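Student: Under the working numbering, the very last position in the sequence shown is 755; numbers go up by exactly one each time.
Treat the hints as calculated values from the structure; they're not laboratory data.
Bear in mind the structure is a predicted one, so any value in this text is a computation, not a measurement.
Using N, Cα and C, we set each Cβ at its ideal position, and we do this for glycine too.
Among the hints, erroneous ones may be present.
[Claimed, not checked] Restricting the straight-line Cα-Cα distance to at most 30 angstroms, the calculated cross-link-like pairs of lysine-lysine (BS3-like) are: (1) Lys367 to Lys279; (2) Lys703 to Lys679; (3) Lys146 to Lys302; (4) Lys302 to Lys126; (5) Lys607 to Lys543; (6) Lys234 to Lys218; (7) Lys542 to Lys736; (8) Lys201 to Lys449; (9) Lys486 to Lys509; (10) Lys543 to Lys717; (11) Lys126 to Lys234; (12) Lys486 to Lys510; (13) Lys449 to Lys486; (14) Lys679 to Lys717; (15) Lys449 to Lys543; (16) Lys449 to Lys146; (17) Lys510 to Lys600; (18) Lys369 to Lys218; (19) Lys449 to Lys510; (20) Lys510 to Lys330; (21) Lys146 to Lys201; (22) Lys234 to Lys165; (23) Lys165 to Lys186; (24) Lys587 to Lys703; (25) Lys279 to Lys206; (26) Lys509 to Lys367; (27) Lys703 to Lys607; (28) Lys218 to Lys302.
[Said to hold, decoys possible] Each pair of labels, with its calculated beta carbon distance range: (29) Asp253 to Asp431: 35 to 43 angstroms; (30) Gly733 to Arg347: 36 to 44 angstroms; (31) Gly259 to Gln683: 45 to 53 angstroms; (32) Ser148 to Lys330: 35 to 43 angstroms; (33) Gly733 to Gln683: 26 to 34 angstroms; (34) Asn739 to Pro491: 33 to 41 angstroms; (35) Ser424 to Asn714: 48 to 56 angstroms; (36) Val260 to Lys510: 22 to 30 angstroms.
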Amino acid sequence: MKRYILITGILTVCAWLLNSCQEDLGAGTDNDKGVLTIQLNSMAATRADGPIAGIEDLNENLLKQADVFFFDENGGSQLYYEEKVSVENNTLLLMLPAEVEGKNCKIGIIANYGGFSKTDVEGKSWAELQKLQITTAFKNNDTKEEQFVMQGISDKAYPLASGTTVGPIELKRVAAKISLYPQIPEEIIRDGLEIDGVTYKPLLGRMSVSMQNVVKKASVDGITYAPGSDDFTTAQRTYKRGGDHTGDSDAYSHLPLYTYPNDWTTGKEEQESYLRLCIPWTYTRNGVTSATDYFYRVAIGGDNKIKSNAFYRITVNVSILGSVDPDNLTPVEGKFLIKDWTTQKIDADMNRYEYLVLETNSVTLNNEDEATIYLATSSAASAKVVKVSYPDYSRVNSTVTTITNPSQLTDYEVDVFGQTLVFKHEVDPEAFTPQTIEIEVTNEDGKKETLMIVQYPPIYIVAENNQANGGNNRFVYGVKKNGAEVYDDRNSSLGGVYSYNYSTGSNSNPNQYTIYISALDVNDKYLIGDPRQESPTKLSNLNNKNGGLQSYMPTQDDNGNTNLVIAPAFKIASSWGMTTGGSYTQMQRRCASYQENGYPAGRWRLPTESEIEYIVKLSDQRKIPELFDGEYFAASGRVYKTSTSGGSFSKNPDKNSEHAVRCVYDVWYWGNDKIPNPNVFTWGDTDPIRPSN
Numbered sequence: 063m064k065r066y067i068l069i070t071g072i073l074t075v076c077a078w079l080l081n082s083c084q085e086d087l088g089a090g091t092d093n094d095k096g097v098l099t100i101q102l103n104s105m106a107a108t109r110a111d112g113p114i115a116g117i118e119d120l121n122e123n124l125l126k127q128a129d130v131f132f133f134d135e136n137g138g139s140q141l142y143y144e145e146k147v148s149v150e151n152n153t154l155l156l157m158l159p160a161e162v163e164g165k166n167c168k169i170g171i172i173a174n175y176g177g178f179s180k181t182d183v184e185g186k187s188w189a190e191l192q193k194l195q196i197t198t199a200f201k202n203n204d205t206k207e208e209q210f211v212m213q214g215i216s217d218k219a220y221p222l223a224s225g226t227t228v229g230p231i232e233l234k235r236v237a238a239k240i241s242l243y244p245q246i247p248e249e250i251i252r253d254g255l256e257i258d259g260v261t262y263k264p265l266l267g268r269m270s271v272s273m274q275n276v277v278k279k280a281s282v283d284g285i286t287y288a289p290g291s292d293d294f295t296t297a298q299r300t301y302k303r304g305g306d307h308t309g310d311s312d313a314y315s316h317l318p319l320y321t322y323p324n325d326w327t328t329g330k331e332e333q334e335s336y337l338r339l340c341i342p343w344t345y346t347r348n349g350v351t352s353a354t355d356y357f358y359r360v361a362i363g364g365d366n367k368i369k370s371n372a373f374y375r376i377t378v379n380v381s382i383l384g385s386v387d388p389d390n391l392t393p394v395e396g397k398f399l400i401k402d403w404t405t406q407k408i409d410a411d412m413n414r415y416e417y418l419v420l421e422t423n424s425v426t427l428n429n430e431d432e433a434t435i436y437l438a439t440s441s442a443a444s445a446k447v448v449k450v451s452y453p454d455y456s457r458v459n460s461t462v463t464t465i466t467n468p469s470q471l472t473d474y475e476v477d478v479f480g481q482t483l484v485f486k487h488e489v490d491p492e493a494f495t496p497q498t499i500e501i502e503v504t505n506e507d508g509k510k511e512t513l514m515i516v517q518y519p520p521i522y523i524v525a526e527n528n529q530a531n532g533g534n535n536r537f538v539y540g541v542k543k544n545g546a547e548v549y550d551d552r553n554s555s556l557g558g559v560y561s562y563n564y565s566t567g568s569n570s571n572p573n574q575y576t577i578y579i580s581a582l583d584v585n586d587k588y589l590i591g592d593p594r595q596e597s598p599t600k601l602s603n604l605n606n607k608n609g610g611l612q613s614y615m616p617t618q619d620d621n622g623n624t625n626l627v628i629a630p631a632f633k634i635a636s637s638w639g640m641t642t643g644g645s646y647t648q649m650q651r652r653c654a655s656y657q658e659n660g661y662p663a664g665r666w667r668l669p670t671e672s673e674i675e676y677i678v679k680l681s682d683q684r685k686i687p688e689l690f691d692g693e694y695f696a697a698s699g700r701v702y703k704t705s706t707s708g709g710s711f712s713k714n715p716d717k718n719s720e721h722a723v724r725c726v727y728d729v730w731y732w733g734n735d736k737i738p739n740p741n742v743f744t745w746g747d748t749d750p751i752r753p754s755n
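Whenever a hint applies, use it, and build me the whole structure from the sequences.
Tutor: Pasting the structure below:
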């Protein structure tokens, strides 16, 4: 007759990480003949302070299916294996195989995991099975888990015969469980938290918590496998009033978070699992009520580990504002008492922590005199300017000026008013270079942060030196060889290609200067705008190089308002672009086919008269070295002539005579991105760009 094994699962309401809370169930009765009864219990803790139960409503005790393994009495050799046995009413029914009948066997169980094939597990010892890897996509919302992987093996070998009862076999969950209970003093909930005359009140119904670095992969034993960078994810929960999720009586609770074990001891700090608590606080300023999310960082494992089948119950007392930056959290640095899944609370009282967090550590001021930065601090904070630096482009070899003497920094004001830092410095419109201001922020607890402010004047210059590679990345219609003459498709000269080292005048500057203009003096005659033609053109006789020029927008050449226009951001060619003279038409084509330092052909153009004047003005003020030495075409056709008494434009356009040119590049339109290979001639007037090889 057929013999069966009846495995009955009796899940006593005990703790996660349990090991001895059950009574001995004794031997079977006469009604048990023909079956083998194996009892399964969730594993109980032996701590004197008692365990905490797995919650039925959250499926923490649920058994749905199991892989059952029979081993020799030492647990080494696998004698028989049955996979994916369904569990109904905590009962497993198996045909008793001849391989184990009458033998003393240890019995191992892996429950609620259907990811193993027979090839994965058959013939393996229990120690080998413990090293197998499991993966679970834990829920990332307010949805309870369907089941939890559990595993365990009998503590001794049992004779397998008809009518025998064995066990209990204690099962341990592989995952860990985390719950966070924020507690805000009653007086703050009732009256609010006052900071600098502003009252903040928490919106408890909108609190949420997320777990960073949830581990989704583990070994069956919860120990052997070390998670890698692809094994981490995040999970978020929202709070609800009452303890319906956990059976706890706290006012607000969330559906528990679950993770597989993690270890972020030395060298693995980036893998640390921690909680990010979000509490919205309302406040009223100038009669307007607003709400801002404030964030707090709560540690989980006091020993830099999260262990299998452990319950981390954390209580956080919050009586301060957190950080407004979710990526720069107000930290929790309290003492943690981690116990196996018990009712022991882990207190993390934020009132005890020392912290200083800035809303941001980097601020950019564009023609602005003042900046306001919010901060969160555990004690009174103060700030001071410790360094100011700015570039000096007055010489070909630029330098950086650095000021650290406090007596020279008195024009830079910085003050802290409670949770607000205010910086003030009047923009110098004649500075022409951005200033970098370094501010040191400290509080009475000894915490320190650095705030960097970059202040841009209305007009400023940025230089890029192209000395080393200009001979390779400068082209005129595909030609870069020094000393060569370049010709268009009809053999009309586009000028020469030379090294600036051969210059006998002042035109020997390998720097590319970019001029940014956001505002002009009210008395200036200049206009900020786009000086280019509205309709693109191909410019004839530039068709033989890789398809030729296709969609070029040259500078307008009328003598009206265009002469007064300066582009809001433009780059000036370095002395690598020096040339012999040519007609207006040929110099226009030269600029259209010019390329330097990764800024491709098809984008450079003739400068307006005002752009030339402004560049000369910067040189006269010794903000940049002299760039014009000779006679240069403007887009109007008039010629700018330098002289010892100062430069000037010719009275009338002179497009048929031969003069030099210094091309400009519209950074405001094309941006500052370079082409992938600056040493290859490339048309950049279309998208996609068209390199020559």
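Student: Take the hints in turn and mark each one as holding or not.
Tutor: Hint check:
1. With a C-alpha separation of about 15 angstroms, the suggested pairing of Lys367 with Lys279 holds against the 30 angstroms cut-off.
2. The straight-line distance between the Cα atoms of Lys703 and Lys679 is roughly 14 angstroms, inside the 30 angstroms bound, and the hint therefore holds.
3. This hinted pair does not check out: Lys146 and Lys302 have alpha carbons roughly 37 angstroms apart, beyond 30 angstroms.
4. Of the supplied pair hints, the one linking Lys302 and Lys126 holds, its CA atoms being roughly 29 angstroms apart against a limit of 30 angstroms.
5. Proposed proximity of Lys607 and Lys543 is supported: the alpha carbons are some 16 angstroms apart, at most 30 angstroms.
6. For a cut-off of 30 angstroms, the pair hint linking Lys234 to Lys218 stands: about 17 angstroms separates their Cα positions.
7. Pair hint Lys542 plus Lys736 holds up; C-alpha atoms about 18 angstroms apart against a cutoff of 30 angstroms.
8. A C-alpha spacing of about 49 angstroms is found between Lys201 and Lys449, which places the hinted pair above 30 angstroms, so the restraint is violated.
9. Of the pairs offered as hints, the one joining Lys486 and Lys509 holds, with about 23 angstroms between alpha carbons and a cut-off of 30 angstroms not exceeded.
10. Between Lys543 and Lys717, the direct Cα distance comes to roughly 28 angstroms. Compliance with the 30 angstroms bound is thereby established for this hinted pair.
11. For the suggested pair Lys126 and Lys234, the alpha carbons sit about 15 angstroms apart, so the restraint of at most 30 angstroms is met.
12. Between Lys486 and Lys510, the direct Cα distance comes to roughly 21 angstroms. Compliance with the 30 angstroms bound is thereby established for this hinted pair.
13. Taking the CA atoms of Lys449 and Lys486, the gap is about 15 angstroms. The hint holds against a cut of 30 angstroms.
14. Distance hint between Lys679 and Lys717 is fulfilled; the C-alpha atoms sit about 25 angstroms from each other, no more than 30 angstroms.
15. Note on Lys449 and Lys543: the hinted pairing is violated, with a Cα-Cα distance of about 45 angstroms set against a maximum of 30 angstroms.
16. A hinted pair counts as satisfied when its Cα atoms are at most 30 angstroms apart, and Lys449 with Lys146 does not qualify at roughly 68 angstroms.
17. Restraint check for Lys510 and Lys600: the C-alpha separation of about 59 angstroms exceeds 30 angstroms, so the hint is violated.
18. Annotation: proposed proximity of Lys369 to Lys218 holds, straight-line Cα distance about 25 angstroms (limit 30 angstroms).
19. At roughly 16 angstroms between alpha-carbon atoms, Lys449 and Lys510 fall within 30 angstroms of each other, so this suggested pair holds.
20. Only pairs whose Cα atoms come within 30 angstroms are accepted, and Lys510 paired with Lys330 is accepted, the gap being roughly 25 angstroms.
21. Distance check on the hinted pair: Lys146 and Lys201 sit about 23 angstroms apart at the alpha-carbon level, within 30 angstroms; holds.
22. A C-alpha spacing of about 26 angstroms is found between Lys234 and Lys165, which places the hinted pair at or below 30 angstroms, so the restraint holds.
23. A distance of roughly 18 angstroms separates the Cα atoms of Lys165 and Lys186; the hinted pair therefore holds under the 30 angstroms criterion.
24. A C-alpha spacing of about 21 angstroms is found between Lys587 and Lys703, which places the hinted pair at or below 30 angstroms, so the restraint holds.
25. The suggested pairing of Lys279 with Lys206 holds, with an alpha-carbon distance near 19 angstroms, which does not exceed 30 angstroms.
26. Distance restraint check for Lys509 and Lys367: the Cα-Cα separation of roughly 27 angstroms lies within the 30 angstroms cut-off, and the hinted pair is therefore satisfied.
27. A distance of roughly 33 angstroms separates the Cα atoms of Lys703 and Lys607; the hinted pair therefore is violated under the 30 angstroms criterion.
28. Note on Lys218 and Lys302: the hinted pairing is violated, with a Cα-Cα distance of about 45 angstroms set against a maximum of 30 angstroms.
29. At roughly 38 angstroms, the beta carbons of Asp253 and Asp431 sit within the given window of 35 to 43 angstroms.
30. Evaluation of the 36 to 44 angstroms hint for Gly733 and Arg347 yields a pass: the beta carbon distance comes to about 38 angstroms.
31. As the Cβ distance of Gly259 to Gln683 is approximately 47 angstroms, the hint placing it in 45 to 53 angstroms holds.
32. At roughly 40 angstroms, the beta carbons of Ser148 and Lys330 sit within the given window of 35 to 43 angstroms.
33. Taking the beta carbon of each, Gly733 and Gln683 are about 28 angstroms apart, inside 26 to 34 angstroms as hinted.
34. A beta carbon spacing of about 40 angstroms between Asn739 and Pro491 agrees with the range 33 to 41 angstroms that was offered as a hint.
35. For Ser424 and Asn714, the hinted distance range of 48 to 56 angstroms is satisfied, since their beta carbons lie about 52 angstroms from each other.
36. Judged by the Cβ atoms, the range 22 to 30 angstroms given for Val260 and Lys510 holds: they are separated by roughly 26 angstroms.
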